[in-house]
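There are 2 protein chains.
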Amino acid sequence: MKKELEIFYRLFTTTREAIEKFMNMLDPVIQNASDDHERLYYHHIYEEEEQRLSRLEVLIPLISKFEAEKDDKDFTPTNNEFNRLLQELNLEKFGLHNFVEHLDLALFRFTDEERSTMLNQLREVTYQDYQQVKEMLNEINRRFDHDYIDPHAHHDEDHEHLDRSASTPAAAQSIPSTYRKGFTVGSLI
Amino acid sequence: MKKELEIFYRLFTTTREAIEKFMNMLDPVIQNASDDHERLYYHHIYEEEEQRLSRLEVLIPLISKFEAEKDDKDFTPTNNEFNRLLQELNLEKFGLHNFVEHLDLALFRFTDEERSTMLNQLREVTYQDYQQVKEMLNEINRRFDHDYIDPHAHHDEDHEHLDRSASTPAAAQSIPSTYRKGFTVGSLI
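Protein chains in written order, with numbering that gives the first Met the number 0: chain B, 0 to 188; chain X, 0 to 188.
No wet-lab data here; the hints were simulated from the structure. A quick note: this is a predicted structure, and the numbers were derived from the prediction, not measured. Ideal placement from N, C-alpha and C gives every residue a C-beta, glycine not left out. Be careful, since some hints might not be right.
Claimed, not checked - The list that follows gives simulated cross-link-like pairs (lysine to aspartate or glutamate, EDC-like), each with its CA atoms no further than 20 angstroms apart:
no.	chain 1	residue 1	chain 2	residue 2
1	X	K133	B	E49
2	X	K133	B	E19
3	B	K133	X	E47
4	B	K133	X	E138
What the hints assert, rightly or not - Counterexamples of contact, computed for chain X against chain B with all Cβ distances above 10 angstroms:
no.	residue
5	D35
6	P60
7	K72
8	L90
9	Q120
Based on the provided sequences and hints, a complete structural model is requested.
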């Protein structure tokens with residue numbers, strides 16, 4: 000479990016820095032928004048990432064503490080603290096997923112080279128880290144519970160809608176093109 | 000504390016129903032989106048509310064359980080379970096805040112009478128419930144900790160940006176007009 004905690008520590012530290020870059024990019028956009036709708040839109044995304052940042056600022060030291068203090072025997076879901084940590088990691092898995100979509104939304108709007116390069120870079124890393132966190136949590140949960148089923152697995156199995164590798168190389172450099180018409184909402188429910 | 004739990008139970012049950020109405024409204028919009036950007040935008044909001052719905056489906060029974068089983072002596076932050084409940088209630092306070100903004104974003108787009116009437120109604124209730132949850136959590140935290148400061152209080156003190164009462168009655172019926180130019184992002188940090 001300590002190895003996994005090391006990886007979680009690294010991934011969430013990386014994403015914390017990514018949020019700061021993203022917020023710095025959005026700041027002037029919000030200030031210079033041309034109307035209320037635009038201002039709300041960017042401010043809302045900004046705020047959601049700000050909330051995530053606050054949670055990470057609690058979670059990251061908590062992972063560290065767990066890494067430092069705990070023995071293998073503490074890593075069981077009957078251990079209240081461990082169970083709570085798992086729950087928070089699960090929440091932040093969704094946080095990473097939502098961040099990928101915030102970056103994709105920003106990529107539709109900020110098409111200048113400087114911003115789209117930075118956003119694409121953040122997007123690539125965040126997407127990979129999201130996949131890794133998802134897989135690690137599935138494995139940890141399976142380790143402790145042979146009947147574990149990820150309640151949101153259907154969401155990814157039916158259509159890995161965050162996967163950009165299906166697009167052409169040229170398209171992959173610019174705007175995401177994976178949100179196709181065939182994507183059905185029905186399968187989310 | 001039991002009285003507060005009753006209120007939380009009611010408020011979160013109300014918002015769970017509100018999410019379902021909102022998701023039902025967004026469903027055909029996503030299906031009929033005219034391009035990838037539009038599809039992503041609505042699907043993203045839909046997904047964030049779907050995640051919130053999943054959390055509420057765990058939280059609501061938990062509140063019930065706490066109401067039924069616990070005595071006053073259990074309602075202390077040194078009680079791990081109670082502390083955890085408070086943390087989840089705090090998260091859902093932000094969930095309500097974000098839902099208000101999702102509704103405001105939808106109000107900018109869905110200006111037909113049927114949808115704007117429904118969205119406005121959901122918005123009014125959600126905003127009031129958000130204020131109530133915020134106040135109750137502040138009071139509960141103060142009760143247990145005289146030095147408690149809401150880490151996000153600055154956000155609301157500087158500019159209650161969700162408050163629509165400042166707008167004219169006519170404007171209040173239609174799109175939100177409280178996201179004014181004077182609103183500075185700097186004070187969020």
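Verification of the hints:
{"no.": "1", "hint": "X/K133 x B/E49", "result": "holds (18 angstroms)"}
{"no.": "2", "hint": "X/K133 x B/E19", "result": "violated (26 angstroms)"}
{"no.": "3", "hint": "B/K133 x X/E47", "result": "holds (17 angstroms)"}
{"no.": "4", "hint": "B/K133 x X/E138", "result": "violated (37 angstroms)"}
{"no.": "5", "hint": "D35", "result": "violated (4 angstroms)"}
{"no.": "6", "hint": "P60", "result": "holds (15 angstroms)"}
{"no.": "7", "hint": "K72", "result": "holds (19 angstroms)"}
{"no.": "8", "hint": "L90", "result": "violated (8 angstroms)"}
{"no.": "9", "hint": "Q120", "result": "holds (19 angstroms)"}
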